[in-house]
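Peer 1: If you read the protein sequences in the order shown, they are chains L and W.
The first sequence maps to residues 1 to 448 in this note's numbering.
The second sequence maps to residues 1 to 478 in this note's numbering.
Treat the hints as calculated values from the structure; they're not laboratory data.
Careful: at least some of the hints might be erroneous.
Only part of the chain W face toward chain L is listed, based on derived beta-carbon distances under 7 Å [said to hold, decoys possible]: (1) Val150; (2) Trp354; (3) His476.
Pulled a few chain L residues facing chain W out of the computed Cβ check, cut under 10 Å [stated by the list, open to error]: (4) Gly64; (5) Lys72; (6) Leu81; (7) Ser108; (8) Leu112; (9) Phe123.
A quick note: this is a predicted structure, and the numbers were derived from the prediction, not measured.
Positions of the beta carbon are idealized from the N, C-alpha and C atoms, including for glycine.
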Amino acid sequence: MTPLSATLLEPETTQQDVADEPSGSVCGVLAEFSGPKELLRAAEMVRDAGYTKTDAFSPFPIHGMDDALGIKSTILPVIVLVVGLTGCAGGLLMQWWMNAVDYPFLISGKPLFSLPANIPVTFEIIVLTSAFTAFLGMLGLNGLPKPANPLFEQERFRGVTDNKFFMYVAADDPKYDGQEVVELFHRAGATWVDDVPNSTSPSRLPGAIKMALLVLFAIALVPPLMIYRARHTTSEAPRFDFFPDMDAQRYRSAQQSSDLFADGRAMRPQVAGTIAVGDFHENDAFFLGYIPGEDDEAPADEPAPADAAAPAAGAPAANEPDYVTEFPVEVTESLMQRGQLKFNIYCAPCHGLAGQGDGLVSLRAIELQQPTWVPPTNLTSPPVVAQPVGKIYDTITNGRRKMSGYAAQIPPEDRWAIVLYVRALQKSQHASLEEIPEDKAAVLKNQK
Amino acid sequence: MTGHHHDISFDPERDRSLRDKGAQYIRASLITGLVCLGLALVIGLIAGGSSQIDGIFESSTAPTALVGVVELVADAENQDVAAYEGRPISEIAAVAEKEFGEELPPQWEEFLHRSTGSGWQRFQASYLVAFTFVVSLSLGGLFFVLIQHVTRAGWSVVVRRIAEIMAATLAPLALLSLPIIIPLLLGGHALFEWNNPQLIETDELIRHKRPYLNPGFFTIRSIIYFGVWAFLGSFLLTRSRAQDKTGDVQLTHSMQSIAPVGLLAFALTVNFFAFDYLMSLAPHWFSAIYGVYYFSGGVVGGLAMMILACLWLQREGVLGDEVTTEHYHDLGKLLFGFNFFWGYIAFSQYLLIWYANIPEETGWFLIRQENGWTAVSLLLLFGHLLIPFLGLISRQSRRNPKSLIFWSCWLLVMHWVDLYWNVLPQFSVSPWPGLVDLLALVGVCGVYVALVLRTASQGAWLPIRDPRLNESLAFHNV
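All chains should be modelled from the sequences, with the hints used to inform the complete structure.
Peer 2: Structure follows, in structure tokens:
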């Protein structure tokens, strides 16, 4: 106790000096304590004496200080909850307005306003609004940012971030009486007590910072204004080209001219007789499905003229090529299975699994009454049954009417496999009982 | 460090009475558990599954064999199919037998019976729900211990022993997997249809998954899972208990150095455990996030059990005032956080499948959105996620023991509903739990509690000489 009573004498004089000064220049009383426990006890005493505008300062958080100072629990969580819920409602409203009202856009058949799709965005907006409210609300409720604080002008107070413990009672406390507060602090065991004079530095934001903020705000307005202007005016000027490297490359395009060559063409024709790797098609029956005639000069990979095809009537047109009638590949069970596999992938969507022209795509198009839709041919109908295999192969290769060619997707072997399977489908509709193997026929008879 | 140990008063008389009481609890819960399990099996076998034609024509997932037979019978008797609503399956079967006799496919009766779920199947499914439930609680405990060691947490020392005991119980829990594995090894396929030889022959997808989904490899994997868990659980508990005697700081270091590796092994094993025991019930379906989903539910359940166990032990006088409001507050925070994590994962799983809308993925949710299962799905959304979210969001509710007891019980129930919702739609058109489900749950939980208490009875309830004990005792939320 001796060191404490020794220090007690010292502040007596300080207090005398202060009392003479006009109270307007004092903003509160600051006291120093020797450690966290002493500070905690002092805070409790100050609280019990009825002071409310108090604060304690320490280099580290002290458990129980909130209670000791009598700080009521903050309203911030409630504010965050309310703003978060508002963000939730606002986010949902925004998505409803954008997706279902302002710019209705159907995405994979979902309803225009469907909750599951909106939850991630709503969730993020809740997080965003809550986080901003918590951060800005904390600053606001604490009266921050504060450009000047009289405590910072106290030389002794600087030690608070190292090893000093302080307690402060503000002069605008309703119970405030300088003399009493000083005595209270002494009773609480303060090692040093002093009045804090009002800050001499301006308490408002410096004009330069205000100006800078204003300029920043004005600059921030420029992009939205530009966007607004661009959305509401038309312009003849070419679009901005930020990264021109891909647009303007230093070579000639296919259809441009060039002085370099005598013929003036930028693109060079192939040397006569060039064949690309894998494009040497020796066997016409296999690759074309027909034997080219004398005047048929179409190269192997070019489609046959579209109007050469008969309009599905079955009667061969006068200029129809010489289609092969026998399979140019070996007909095996595995080829048949391959054909079924490929048929079900490429053909069945339109022609139907049984080839009767009733595929899902077609049914849907008819249901929607698509005006340009041409129903696919029934592959088991007599005209198709009458077609030679080469013609069916050619149809797959180059397409017919609305159907596009499948040469790019289906290799020749698989095209022949599909032709084989189409033949099987045709057979399934027109076979007689004698053609069916004995054991299978027995099953059929039992079913009847 | 060793000088800082906590003074715990030791009263031999009180200790003996607590031990006797503990032994009584172990006996009572073990007997209750075994009796209930036996009853569940008997009732399941006697009562069978659903035995009536109920609403099968409104359901898009009703067994096609049954629908087909009813249509045939209706056709033969010149009646509308609706007239067969509510009639017992055996009656329909008799009519079909009379009308068609020889023409019916072989083993059609077995097929018909299986399509409505036999009693044995129902028992197995109910048992699986209860088994994965208790395993997930212990996994939650193991995760808690590992995380505390990885983060070198000081606050949690006073509650860590409870989690350690739950984790160490995973070793004897391996025995409870036998009622699932043994039928599988004997060729049973009531639970896992991927073991059905007929399906393996006809179903290409199941055939392709056969190298992974087969009884032998399933058993090997189960041994690996429980082996890893048993090792981690007993390692952490024995080290911690050894420290009770010696106060050796080196033991803390050894637990901390195994924790990161343990956490990695934990993540892998829990994921594949969930894939094997739960996701493979629908062998065509797959979801990469499913393991995390099971894990998140398990941590919620584990934390709820820890809170309840702590409060119960304090009421019984086994634990003193070492565990304070501050610790409960933190456990409550974790409970709140992990429950929302569960919702986040559950929704992530749902959103992608809903968005892509591919039949092979949506089928799993489809059968959980009809025939009354919709109500269970919504119960999970509101009961597991939204209502507890609002209930636990306030600081006061996480610091109040009564509120914590309420929400812990609530979430434990919801965690069971979650697993029930994961398993049973694969077997039952109706969402109502039967006596078999409840008896299986009480039975497995009884055995589980007995195992936990038996593990606990071999040592103290607090890591009394942990170097961070004082930090934990003085713990205070800011």
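Peer 1: If a hint holds in the structure, say so; if it doesn't, say that too.
Peer 2: Checked hints:
1. At about 25 Å, the closest approach between the beta carbon of W/Val150 and any beta carbon in chain L exceeds 7 Å, and the interface hint on this residue is violated.
2. Hint status for W/Trp354 relative to chain L: holds, with the closest Cβ pair at about 5 Å, below 7 Å.
3. Interface restraint check for W/His476: the shortest CB-CB distance to chain L comes to about 4 Å, inside 7 Å, so the restraint holds.
4. Of the supplied interface hints, the one on L/Gly64 holds, with its beta-carbon coming within about 7 Å of a beta-carbon of chain W, less than 10 Å.
5. Contact between L/Lys72 and chain W, as hinted, is not supported at the beta carbon level, the nearest pair being about 14 Å apart and thus beyond 10 Å.
6. Because the closest C-beta pair between L/Leu81 and chain W is about 8 Å apart, less than 10 Å, the hint holds.
7. Below 10 Å, beta-carbon pairs count as interface contacts, and L/Ser108 has one with chain W at about 6 Å; its hint therefore holds.
8. Taken as an interface hint, L/Leu112 does not check out: its beta carbon lies about 15 Å from the nearest beta carbon of chain W, beyond 10 Å.
9. For L/Phe123, the shortest C-beta to C-beta distance to chain W is roughly 9 Å, which falls under 10 Å, so the interface hint holds.
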